[in-house]
Amino acid sequence: MMAFWQIVRRDLLLARRQGASSLLGVAFFVIVVSLFPFAVGPDAIILASIGAGIIWVAALLATLLSLDRLFQADFEDGSLDILVLTRQPIAMLVLAKTLAHWLTTALPLIIASPLLAMFMALPVDVFATLVISLAVGTPALSLIGAVGAALTVGMRRGGVLMSLLVLPLYIPVLIFGVGAMGAAMMGQDASSALMLLGAISLFALVLAPIGAAAALRLALE
Amino acid sequence: MMAMSRLHQYANPMRFARLSKSLLPWVGALTILLLGIGLYWGLVASPADYQQKDSVRIMYIHVPAAWMTLFVYVNMAIASAVGLIWRHPLADIAAKSCAPIGAGFTLIALVTGALWGQPMWGTWWEWGDARLVSVLVMFFLYLGYMALWQAYDEPTKASRAAAILALVGVVNVPIIHFSVEWWNTLHQTASVLKIGGPSIDASMLWPLLIMALGFTAYFVVLLLWRMRAEILARRIHVLMMQKASA
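Top line first, the protein sequences correspond to chains A and B.
Note that our numbering has the first sequence beginning at 20, numbered continuously upward.
Note that our numbering has the second sequence beginning at 461, numbered continuously upward.
For reference, chain B alone in the conformation it holds in the complex (with noise of 0.2 Å):
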């Protein structure tokens, strides 16, 4: 672990614990201010839709969301690759660090697009949706790799296994949406909702893609947040076995 820090000068954990202290404050007031611009304008002030009524508004918190889910995965993937390739500690731990945040907005996306559906579609879970289906899958895939983390005891040994899957996980993520898409047409119900595309007007992209920035600023808050957790998991764990052998 010394070794490896001096090879690796980003890798150093004391660097990163002071890099990220004075990180946060300024991430954490962009994601407010980012987010409060985007809920103000996507919730009270852009237009109700002509069809949907208000309750297009959930757009703002789900699509955000559903896009997270696959940028997070792929972050988590980046990560793992890292670290496999350059046994990089703390892209192991950026990549731990990422799956609950993953499947977080990953639920976030299952539970308002539930929520959207019922109004919708009249159902709370629509199979017709190829990508509501795709982030169910996507959740799955965060819970297996979770799962994977808590199995082994060793956090190095952890780390690898967790970047294979991770890593088998991102080559698969694109056939499985487009697998999904194919079924989803050979399937087609009657009324799927198209959001997104260009039949979205101005006064509701602009908001949209204000959130999705803030959604990304939170990401990182907490992606920062958790690494220094984790960093100081470990360093609790090492200090209570070495009172222990002592």
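Only chain A is shown next, with the shape it has when bound in the complex (with noise of 0.2 Å):
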């Protein structure tokens, strides 16, 4: 358990360390978002009826753009050698990481999507449903990436091609999440789907550390 929480902490020390990029997750994520009233128009009932769909995909993308360094950085320096000799669980390892990924990115994407509901004229008693439903459903955004980050470590074009094994497993995080606003938006009880997406989390909390330590230990042979 001490193991665990030094990783956290040493990639948390990371993150701060490296200063403002690690906020630019947070940066994509808002630019997204504001690129779609450009694009169809500043109609605030359009905006309303599109925003959270777009505000979710947003997130997707932008958990998805800083997954590739997940291990990527340990992998080059040779540090994720040094961590899998320690003769800790290879899966705890990855937990730890993806905790730490998840309060660097995802957290602050919790964060601003006030800001962005604001700018997608969602009504204001849907904020709180958007704030729990990104809560509830990041973290199964960073475990299942962590799958794919640890499947193309150490790949030239590894993102790319992560990007195609990941997105397909996101689409039932997407359609709970989405379907949460939907019946917030709608001024019903949102709490089934968002007890499905939590389902959703709390499986791929159990299963995603497996799979991903399976593919580090292939990755580093």
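Rather than coming from a laboratory, the hints here were simulated on the basis of the structure.
Just so it is clear, CB atoms sit at the ideal spot from N, CA and C, and this is done for glycine as well.
Watch out, some of these pointers could steer you wrong.
[To be verified] FRET-style restraints, in silico, Cβ to Cβ:
#	chain 1	residue 1	chain 2	residue 2	range
1	A	42	B	610	31 to 41 Å
2	A	23	B	666	52 to 62 Å
3	A	103	B	701	25 to 35 Å
4	B	641	A	175	33 to 43 Å
5	B	545	A	111	18 to 28 Å
6	B	514	A	43	56 to 66 Å
7	A	69	B	477	55 to 65 Å
8	B	616	A	137	51 to 61 Å
9	A	207	B	500	47 to 57 Å
10	A	205	B	587	17 to 27 Å
11	A	179	B	701	28 to 38 Å
12	B	546	A	175	26 to 36 Å
13	A	211	B	582	31 to 41 Å
[Stated by the list, open to error] Only pairs whose alpha carbons sit at most 25 Å apart, straight line, appear in this in silico SDA-like list of lysine to any residue:
#	chain 1	residue 1	chain 2	residue 2
14	B	617	A	226
15	B	617	A	22
16	B	617	A	95
[Said to hold, decoys possible] One-sided and incomplete, this derived list gives chain A residues near chain B with beta-carbon spacing under 8 Å:
#	residue
17	187
18	190
19	195
20	219
21	226
Can you join these two chains into the complex? Each is in its own frame, and there are hints to help.
Listed below in structure tokens is the structure:
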């Protein structure tokens, strides 16, 4: 358990030392969403009806964009080998790095999301559902993405391949995330979609570290 | 590789080559027989639908292809698991050989779905049909699997990476299918065609089942063929390496 928090701390420290670059994901998220009013026009009714979907897709892409660095830097400078040699379970290492990734990339997205909801003219009373749905759903994005990142670590064009591997697996998260928003927009109870979203996250929490660990072991051979 | 072959007697590629060679004509004949009967029954002898007229006959290709999409993926995942756990080289080859076949069936299901959708719904593509959308996602999964194989130079490493992906995928397939169904009921469009289920008449069900068996036999033929080709390709590769180093 000590080792787990040590790795989380190390990755958080690394992210902080890199300064602004860890906030690039949020910048990307905000810019992508703000492109849509230019593309579809400033009509508040249209923006509100597509807003939740666009924010979710942008969150998905922003997560994906940052994922290819999840193991890559450690793989290149050899610290991944050392981490594996410490004889800690690799699945735990994956979980620690994924948690740090979530804290540095997904959490800022969640914090920024009400601003974007405002941009997309969403009604104020669904802001809370947006934040909760992102908070419940993004762990699944990071965890499933970790498998893709581990499978493509050390590849020359790993990022493009990873999006092909991971994006189809993101579809259920997207559906239930936007489903919760749709229910909230219509004034209904969003909890069933949120619970299913949570189920996917918990499911990924159990299985994704095992898959990612197997892939990392393969990459380090 | 050699030690591996001695460990598993059925993993011996030579034995497989002999077995598959004697098996192929029989399965091939069965395929031609089943597809011949199924196609004649489905396209000529079965009654036209009272609503959809003759365009219902697309079903005899579309539905078996859509079934195969899932069937081949499950086969690929089982072969992947066997390859990953027991390091069975033939299972790796089987998993690799499944992917393009499955992608092909998926493509057939998508194209025939679009062709069927045009007269039925008036559009080539109908997001309202959950099954069609699921098949599209399956197509993406197959593409990712094949791309991962391509990305590695060494076949042993590629087979293990691809096996991990196939297993992650097969766990996700029911989740994806269920979520697409759920999404679809949220956005239900006016006239979604219901095929299958208990409403289908026996005069249509029988040719459909024969076509499904025919597709399965066809899959076995293609699989054996691809596996043989893969084994030969690897042997050529080894021989060329030997020649180059000699």
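Double-check residue 187(A) for me: the hint is only fine if its C-beta lies closer than 8 Å to a C-beta in chain B.
Holds. Min distance 4 Å.
Does residue 226(A) hold up as a contact with chain B if the rule is Cβ-Cβ below 8 Å?
Where the cut-off is 8 Å and the nearest Cβ of chain B is about 6 Å from residue 226(A), the hint holds.
Classify the hint on residue 190(A) as holds or violated, based on whether any CB of chain B lies nearer than 8 Å to its CB.
6 Å, holds
Hint says 56 to 66 Å; check whether the CB-CB distance for residue 514(B) and residue 43(A) agrees.
The hint (56 to 66 Å, Cβ to Cβ) holds, given that residue 514(B) and residue 43(A) are roughly 57 Å apart.
For residue 205(A) and residue 587(B), compare the CB-CB distance with the range 17 to 27 Å and indicate the outcome.
20 Å, holds
Against the range 55 to 65 Å, how does the distance between the Cβ atoms of residue 69(A) and residue 477(B) compare: consistent or not?
At 56 Å between Cβs, range holds.
Just tell me: holds or violated, for the beta carbon distance of residue 546(B) and residue 175(A) against 26 to 36 Å?
31 Å, holds
Could you tell me whether the CB distance from residue 179(A) to residue 701(B) stays inside 28 to 38 Å?
Roughly 30 Å apart at Cβ, these two residues keep to the hinted range, so it holds.
Does residue 617(B) pair with residue 22(A) here, judged by a C-alpha cut-off of 25 Å?
29 Å, violated
Quick one, are residue 617(B) and residue 226(A) close enough, alpha carbons at most 25 Å?
21 Å, holds
Assuming the hint says 52 to 62 Å, is it satisfied by the Cβ distance from residue 23(A) to residue 666(B) or not?
59 Å, holds
Note whether the CB distance of residue 42(A) and residue 610(B) lies within 31 to 41 Å or breaks it.
35 Å, holds
The structure shown violates just one earlier hint, number 15.
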